[in-house]
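For reference, the chains in residue letters:
Number of protein chains: 2
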Amino acid sequence: MRNYVKIFKALSDSNRLRILKMLEDCPMCVCEIRAVLNLANSTVSKHLSLLREAGFILDEKNGKWVDYKLNDKTDEPQVKKLMKLMTEWLNDEARIKADKRKLELVDRNKICNI
Amino acid sequence: MRNYVKIFKALSDSNRLRILKMLEDCPMCVCEIRAVLNLANSTVSKHLSLLREAGFILDEKNGKWVDYKLNDKTDEPQVKKLMKLMTEWLNDEARIKADKRKLELVDRNKICNI
DNA sequence: ATATCATTTCGTTATTTGACGAAATATAAA
DNA sequence: TTTATATTTCGTCAAATAACGAAATGATAT
Numbered sequence: 001m002r003n004y005v006k007i008f009k010a011l012s013d014s015n016r017l018r019i020l021k022m023l024e025d026c027p028m029c030v031c032e033i034r035a036v037l038n039l040a041n042s043t044v045s046k047h048l049s050l051l052r053e054a055g056f057i058l059d060e061k062n063g064k065w066v067d068y069k070l071n072d073k074t075d076e077p078q079v080k081k082l083m084k085l086m087t088e089w090l091n092d093e094a095r096i097k098a099d100k101r102k103l104e105l106v107d108r109n110k111i112c113n114i
Numbered sequence: 115m116r117n118y119v120k121i122f123k124a125l126s127d128s129n130r131l132r133i134l135k136m137l138e139d140c141p142m143c144v145c146e147i148r149a150v151l152n153l154a155n156s157t158v159s160k161h162l163s164l165l166r167e168a169g170f171i172l173d174e175k176n177g178k179w180v181d182y183k184l185n186d187k188t189d190e191p192q193v194k195k196l197m198k199l200m201t202e203w204l205n206d207e208a209r210i211k212a213d214k215r216k217l218e219l220v221d222r223n224k225i226c227n228i
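Chains as they are written, first to last, in the numbering used here: chain L, 1 to 114; chain X, 115 to 228.
A few of these clues could be false.
Claimed, not checked - Straight-line alpha carbon distances no greater than 20 Å define the calculated SDA-like cross-link-like pairs of lysine to any residue that follow:
1) X:K211 / L:N3
2) X:K123 / L:D67
3) L:K46 / L:S14
4) L:K46 / X:K211
5) L:K6 / X:V193
6) X:K195 / L:L85
Hints listed in this document are in silico derivations from the structure and should not be mistaken for laboratory results.
This one's a predicted model, so the numbers in the text were calculated from it and none came from an experiment.
Construct the complete structure from the given sequences, taking the supplied hints into account.
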């Protein structure tokens, strides 16, 4: 039960939904996500840790960055099912489409250097 | 987007999940739910209004009671899909099974009269 | 019409959440 | 090894949430 609540809580914030939808396109580091969402770095980091604890994403060290990506191969059936649904949902939302466009222009070598 | 958040928020509370699982078995009034969950009447009423606003349940006047029931025929695809999943999920949880057993013993003519 | 009773609304309180900036950590580059 | 920089953790604050009891509402039954 507790785990179900954790999973649904992870999905019940618009910034976290935006993050998940962007990660469908490609892995991203904290400062790339920050550049799109216009949030503080620490805020993005917190959102990512909630998504990770719920099982939706994985992190991977990559040079000086930490890349976050969807946990596509999860063996948790609930998470797997919800991630599948999420790929079908929200695709027509203006906000989501705008995020994805903005994401294409983001170059981690330029936008970092806080 | 706002609607997605509302839907997931509705599912991200254990008392609301317990309510939804009980409603799979039969419609219930506020004081029946209250008797199973051991919450104040007003608290149950609030949970029900959140579930209703998210589209998961409907209410129907029935004599002096208001019966709440699952909104099985909803035309909102997200709600429909999630309700389908919920019927498959949580069935083995001890808490849910206990709720359903307790529910069978509840007689609204006896347990109301607060 | 009045009394009864299920439900909702209101006001309050404690807890959780989402945000921030600053400090701590860890890795890469010089 | 020092410096730069990406990320996380910590402390704080404002807003949202979940709980309660009391009061208000609405419908039934006497």
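Evaluation of the provided hints:
1. X:K211 / L:N3: holds (17 Å)
2. X:K123 / L:D67: Violated: X:K123 and L:D67 sit about 28 Å apart, past 20 Å.
3. L:K46 / L:S14: holds (14 Å)
4. L:K46 / X:K211: violated (35 Å)
5. L:K6 / X:V193: This hinted pair holds, its Cα atoms lying about 19 Å apart.
6. X:K195 / L:L85: holds (9 Å)
Checked against the numbered hints listed earlier, the structure breaks hints 2 and 4; every other hint is satisfied.
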